[in-house]
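Peer 1: If you want the building blocks of each chain, they are given just below.
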Amino acid sequence: MSELALHRGISVQRIGAMILRYWYLLMSSWPRLLELLYWPALQIITWGFLQLYIAQNANFFARAGGTLIGAVILWDILFRGQLGFSISFLEEMWARNLGNLMMSPLRPIEFLLSLMAMSLIRLAIGVIPMTLLAIAFFHFNVYSLGLPLIAFFCNLIFTSWSVGIFVSGLVLRNGLGAESIVWTLMFGIMPLACVYYPVSVLPHWLQAIAWSLPPTYVFEGMRALLIENTFRTDLMLDALAINAGLLLASFGAFLALLRSARKHGSLLSGGE
Amino acid sequence: MHSTAQWRKNASSMTENSKASSWPTVAEGISSAAIEVDRLVKVYKQTRAVDGISFSLPRGSITGLLGGNGAGKTTTIAMIMGLVLPTSGRVRVLGHRMPEESAEVLGRMNFESPYVDMPMRLTVRQNLTIFGKLYAVRHLADRIAKLADDLDLNDFIDRANGKLSAGQKTRVALAKALINQPELLLLDEPTASLDPDTADWVRSHLERYRKDNNATILLASHNMLEVERLCDRVIIMKRGRVEDDDTPDAIMARYNRSTLEEVFLDVARGRVNGAKEGTR
Numbered sequence: 001m002s003e004l005a006l007h008r009g010i011s012v013q014r015i016g017a018m019i020l021r022y023w024y025l026l027m028s029s030w031p032r033l034l035e036l037l038y039w040p041a042l043q044i045i046t047w048g049f050l051q052l053y054i055a056q057n058a059n060f061f062a063r064a065g066g067t068l069i070g071a072v073i074l075w076d077i078l079f080r081g082q083l084g085f086s087i088s089f090l091e092e093m094w095a096r097n098l099g100n101l102m103m104s105p106l107r108p109i110e111f112l113l114s115l116m117a118m119s120l121i122r123l124a125i126g127v128i129p130m131t132l133l134a135i136a137f138f139h140f141n142v143y144s145l146g147l148p149l150i151a152f153f154c155n156l157i158f159t160s161w162s163v164g165i166f167v168s169g170l171v172l173r174n175g176l177g178a179e180s181i182v183w184t185l186m187f188g189i190m191p192l193a194c195v196y197y198p199v200s201v202l203p204h205w206l207q208a209i210a211w212s213l214p215p216t217y218v219f220e221g222m223r224a225l226l227i228e229n230t231f232r233t234d235l236m237l238d239a240l241a242i243n244a245g246l247l248l249a250s251f252g253a254f255l256a257l258l259r260s261a262r263k264h265g266s267l268l269s270g271g272e
Numbered sequence: 001m002h003s004t005a006q007w008r009k010n011a012s013s014m015t016e017n018s019k020a021s022s023w024p025t026v027a028e029g030i031s032s033a034a035i036e037v038d039r040l041v042k043v044y045k046q047t048r049a050v051d052g053i054s055f056s057l058p059r060g061s062i063t064g065l066l067g068g069n070g071a072g073k074t075t076t077i078a079m080i081m082g083l084v085l086p087t088s089g090r091v092r093v094l095g096h097r098m099p100e101e102s103a104e105v106l107g108r109m110n111f112e113s114p115y116v117d118m119p120m121r122l123t124v125r126q127n128l129t130i131f132g133k134l135y136a137v138r139h140l141a142d143r144i145a146k147l148a149d150d151l152d153l154n155d156f157i158d159r160a161n162g163k164l165s166a167g168q169k170t171r172v173a174l175a176k177a178l179i180n181q182p183e184l185l186l187l188d189e190p191t192a193s194l195d196p197d198t199a200d201w202v203r204s205h206l207e208r209y210r211k212d213n214n215a216t217i218l219l220a221s222h223n224m225l226e227v228e229r230l231c232d233r234v235i236i237m238k239r240g241r242v243e244d245d246d247t248p249d250a251i252m253a254r255y256n257r258s259t260l261e262e263v264f265l266d267v268a269r270g271r272v273n274g275a276k277e278g279t280r
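Protein chains in written order, with the working numbering: chain A, 1 to 272; chain B, 1 to 280.
Hint data in this document are derived by calculation from the structure and do not stem from the laboratory. Every residue gets a Cβ at the ideal spot worked out from N, C-alpha and C, and that includes glycine. Check the hints yourself; a few may be wrong.
Said to hold, decoys possible - Label pairs and their in silico Cβ distance ranges:
no.	chain 1	residue 1	chain 2	residue 2	range
1	A	G245	B	A145	33 to 41 Å
2	A	G146	B	K45	42 to 50 Å
3	A	L206	B	A166	51 to 59 Å
4	A	P191	B	A141	51 to 59 Å
Stated by the list, open to error - Distance condition first, Cα-Cα at most 25 Å in a straight line; then the derived DMTMM-like pairs of lysine to aspartate or glutamate:
no.	chain 1	residue 1	chain 2	residue 2
5	B	K211	B	E262
6	B	K211	B	D158
7	B	K169	A	E35
8	B	K169	B	D197
9	B	K238	B	D212
10	B	K211	B	E243
11	B	K146	B	E101
12	B	K163	A	E228
13	B	K211	B	D266
14	B	K211	B	E228
15	A	K263	B	E261
16	B	K163	A	E220
17	A	K263	B	D200
18	B	K211	B	D188
19	B	K146	B	D117
20	A	K263	B	E101
21	B	K211	B	D200
22	B	K163	B	D149
23	A	K263	B	E207
24	A	K263	B	D188
25	B	K163	B	E207
26	B	K45	B	E100
27	B	K146	B	E207
28	B	K163	B	E183
29	B	K163	B	D197
30	A	K263	B	D117
31	A	K263	B	D51
32	B	K163	B	E104
33	B	K163	B	E100
34	A	K263	A	E179
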């Protein structure tokens, strides 16, 4: 039987059980809830005031109102989406519960789907208040972007899941000694994803690498929308195609790392 | 189905690695076996953790896996569970190859191990609810209520797992292991951290569970009295190999010892007495 055959017959009940497990955990711990709200709020306030200051002193930013705050919000969707996924996974490592799950009928694909659902829930808890703060303090309504916002969101969340799946596999294989990758890998993508500046700023050879990352298309698309009032469908479709490849590759990598963890006995130790 | 009496009668002598045995072997293709381990090897880099062991456990039996630290007990159990891939050899659980066909059997087995914990912030009831759903337990609330009665969990069932005493946690872990009424139960030190009274009570519960459900139990333990009391059969491991495999009585007779603890010490310290050599 192939590895993929093990993922037939996905059970909604098992996925629901895992979501319930993380929900119980969130509701049992106010520091966890506070942490979800704290950083996004801090981000939007800091960068929002910076944008106000720049807009008062620079014509370009006065014209391109919202690009900085928009970038902050979209970056947070990408970053918090991955963290929401990975932290739920880390909770199992910290709780030494992974062996229980791996020995249960829960299948890897169901586990990953429940982590995706939790990343959406955690993201909603953190980012929705952030967007409301942006409206209240800086009169920037990200929801006014309309349908393009859905395209931006979907592409960013797909990328965050790909990264989340891959780093979870690394932690599964290498134990909690690899935990720091969870917190830092996305920052490695940041300069190339051109969050706060256009791709054209990069040297030519780096531009080619930047265009291999779906978030680059999203941030370029956001700037096109806010500065030129143009929704670049082509950029979103390109991002979607790369995301599909990334998701498949990350799932394959997760299965390979899981197999390697079984081979090396890492599921028994889980530590450093 | 093998009764305890039959196993004891059959078990005049038994070892692995081609030693003469009256236990069912993998080669005999015993379809009723709960676990079949065939020439299983696990090598970690330079260390041969498990070195070509074979055994077959009939359904409804309780078998003790004994051995000192590093003997290969935990690796063996982990390979049976599918948590560790063997370097070579094969494992069949309830008639299915592990880990390739694990999806077919994981819902019918369960385990308890000191290497894993239940989530600490969740209450006992929440934990059991989640695992019950993962195992697709029908009438889950009733099942949890019964386990709470049987294992005396009611006083702390709505308390966070992290706030329980070591003994209470062991009982909760046992409740989790029994949530799906498993046909096969793998236990690693099931009564560690328990006071003698509670440990005795847990052993009684396991005996009753086996009897009521015709379950197969494989338990690794350092508590020789526990093994003597519970197990129909004992497999002694040393340095990744099966050192001996028989009923507790037959092993004690072979080593000319009155307790398994004495046998354990003989094996651990490499003492070979005349009685043992004479039987081989």
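Peer 1: Next step is simple, just say for each hint if it's right about the structure.
Peer 2: Here is how each hint holds up against the structure:
1. A:G245 to B:A145: 33 to 41 Å: violated (49 Å)
2. A:G146 to B:K45: 42 to 50 Å: violated (57 Å)
3. A:L206 to B:A166: 51 to 59 Å: 56 Å Cβ-Cβ, so the 51 to 59 Å window holds.
4. A:P191 to B:A141: 51 to 59 Å: holds (53 Å)
5. B:K211 to B:E262: violated (29 Å)
6. B:K211 to B:D158: violated (30 Å)
7. B:K169 to A:E35: violated (29 Å)
8. B:K169 to B:D197: holds (16 Å)
9. B:K238 to B:D212: violated (33 Å)
10. B:K211 to B:E243: violated (29 Å)
11. B:K146 to B:E101: Not OK: B:K146 and B:E101 at ~31 Å, beyond 25 Å, violated.
12. B:K163 to A:E228: Distance ~58 Å between B:K163 and A:E228 Cα, so the pair is violated.
13. B:K211 to B:D266: violated (32 Å)
14. B:K211 to B:E228: Cα-Cα ~17 Å, so holds.
15. A:K263 to B:E261: violated (34 Å)
16. B:K163 to A:E220: violated (51 Å)
17. A:K263 to B:D200: At roughly 37 Å apart (the allowed maximum being 25 Å), B:D200 and A:K263 break the hint.
18. B:K211 to B:D188: holds (20 Å)
19. B:K146 to B:D117: It holds: about 22 Å lies between the C-alpha atoms, which stays within 25 Å.
20. A:K263 to B:E101: holds (17 Å)
21. B:K211 to B:D200: holds (17 Å)
22. B:K163 to B:D149: holds (20 Å)
23. A:K263 to B:E207: Violated, because 34 Å separates the two Cα atoms, which is more than 25 Å.
24. A:K263 to B:D188: Roughly 21 Å between the alpha carbons, so the hint for A:K263 and B:D188 holds.
25. B:K163 to B:E207: Violated - the C-alpha atoms of B:E207 and B:K163 are around 29 Å apart, more than 25 Å.
26. B:K45 to B:E100: At roughly 23 Å apart (the allowed maximum being 25 Å), B:E100 and B:K45 satisfy the hint.
27. B:K146 to B:E207: With Cα atoms ~17 Å apart, B:K146 and B:E207 stay inside 25 Å; holds.
28. B:K163 to B:E183: Violated - the C-alpha atoms of B:E183 and B:K163 are around 31 Å apart, more than 25 Å.
29. B:K163 to B:D197: holds (22 Å)
30. A:K263 to B:D117: With a Cα-Cα distance of about 22 Å, the restraint between A:K263 and B:D117 holds, given a limit of 25 Å.
31. A:K263 to B:D51: Cα-Cα ~16 Å, so holds.
32. B:K163 to B:E104: Roughly 35 Å between the alpha carbons, so the hint for B:K163 and B:E104 is violated.
33. B:K163 to B:E100: Violated, at roughly 38 Å.
34. A:K263 to A:E179: This hinted pair holds, its Cα atoms lying about 20 Å apart.
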